[in-house]
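> Given next are the chains, with one letter for each unit.
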Amino acid sequence: EPEVTQTPSHQVTQMGQEVILRCVPISNHLYFYWYRQILGQKVEFLVSFYNNEISEKSEIFDDQFSVERPDGSNFTLKIRSTKLEDSAMYFCASSTNRGYTEAFFGQGTRLTVV
Amino acid sequence: ELKVEQNPLFLSMQEGKNYTIYCNYSTTSDRLYWYRQDPGKSLESLFVLLSNGAVKQEGRLMASLDTKARLSTLHITAAVHDLSATYFCAVDARGSQGNLIFGKGTKLSVKP
Chain A
1 EPEVTQTPSH QVTQMGQEVI LRCVPISNHL YFYWYRQILG QKVEFLVSFY NNEISEKSEI
61 FDDQFSVERP DGSNFTLKIR STKLEDSAMY FCASSTNRGY TEAFFGQGTR LTVV
Chain B
1001 ELKVEQNPLF LSMQEGKNYT IYCNYSTTSD RLYWYRQDPG KSLESLFVLL SNGAVKQEGR
1061 LMASLDTKAR LSTLHITAAV HDLSATYFCA VDARGSQGNL IFGKGTKLSV KP
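Taken in sequence, the protein lines are chains A and B. Here the working numbering is used: the first residue of the first sequence is 1, the next is one more, and so on. Here the working numbering is used: the first residue of the second sequence is 1001, the next is one more, and so on.
Calculated from the structure, these hints are not laboratory results. You can take every hint at face value.
Once the Cα atoms are required to be at most 25 angstroms apart in a straight line, the calculated DSS-like pairs of lysine-lysine come out as:
no.	chain 1	residue 1	chain 2	residue 2
1	A	Lys-83	B	Lys-1104
2	B	Lys-1104	A	Lys-42
3	B	Lys-1056	B	Lys-1107
Calculated Cβ distances over 12 angstroms to all of chain A for the following chain B residues:
no.	residue
4	Pro-1008
5	Leu-1011
6	Met-1013
7	Tyr-1019
8	Asn-1024
9	Val-1055
10	Gly-1059
11	Leu-1061
12	Arg-1070
13	Val-1080
14	His-1081
15	Asp-1082
16	Pro-1112
Here a beta-carbon is modelled for each residue, glycine too, at the ideal position from N, C-alpha and C.
Pulled out of the complex, with its shape left as it was, chain A reads as follows:
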């Protein structure tokens, strides 16, 4: 069964460092998303991406964040200068249609900023 895969599963980084989280969405999907979940809290939308550009972003997704689809398969989230409060589980998701079918989530990358 096709699935969304994310790497790494766990990333530890020092405050101020740049991190890149990687995702391979399901191959025939067109819409891509990043969400984050701070430990014990709800899942929060960060950004959606379609046709090689950001289609929507939340207040959380400030200038420190960027997304890219560098080739036909990968979808990345970059945090330029990490802060302690960026520590969270980051989920990538993809869907075939915007909002009419479910989004399939990857297993997540746990980011720990120390």
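Given the coordinates of chain A, assemble chain B onto it according to the supplied hints.
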């Protein structure tokens, strides 16, 4: 701003019992989703509800949507331990690009 409220946030039930989780949302939406999350794991899609009056069932779980009341329910029938997990509802706000606004989740614990 779209808000999604779930209750209860914590639910401890005995095996064999029935219970309902409620999901209210604050603005117009025709699309509601239920996800399950096991500890430390990803979000597994359970149901997609796309219209008023939609009802879907899978095993011991049944979800329904009332768009006029802005309410969805997830009903658990004859709970078993394997259903222990956190259940999230999420709403796709009308006019959005498909981003989901999640409730805080209901942590369900089913005890023998």
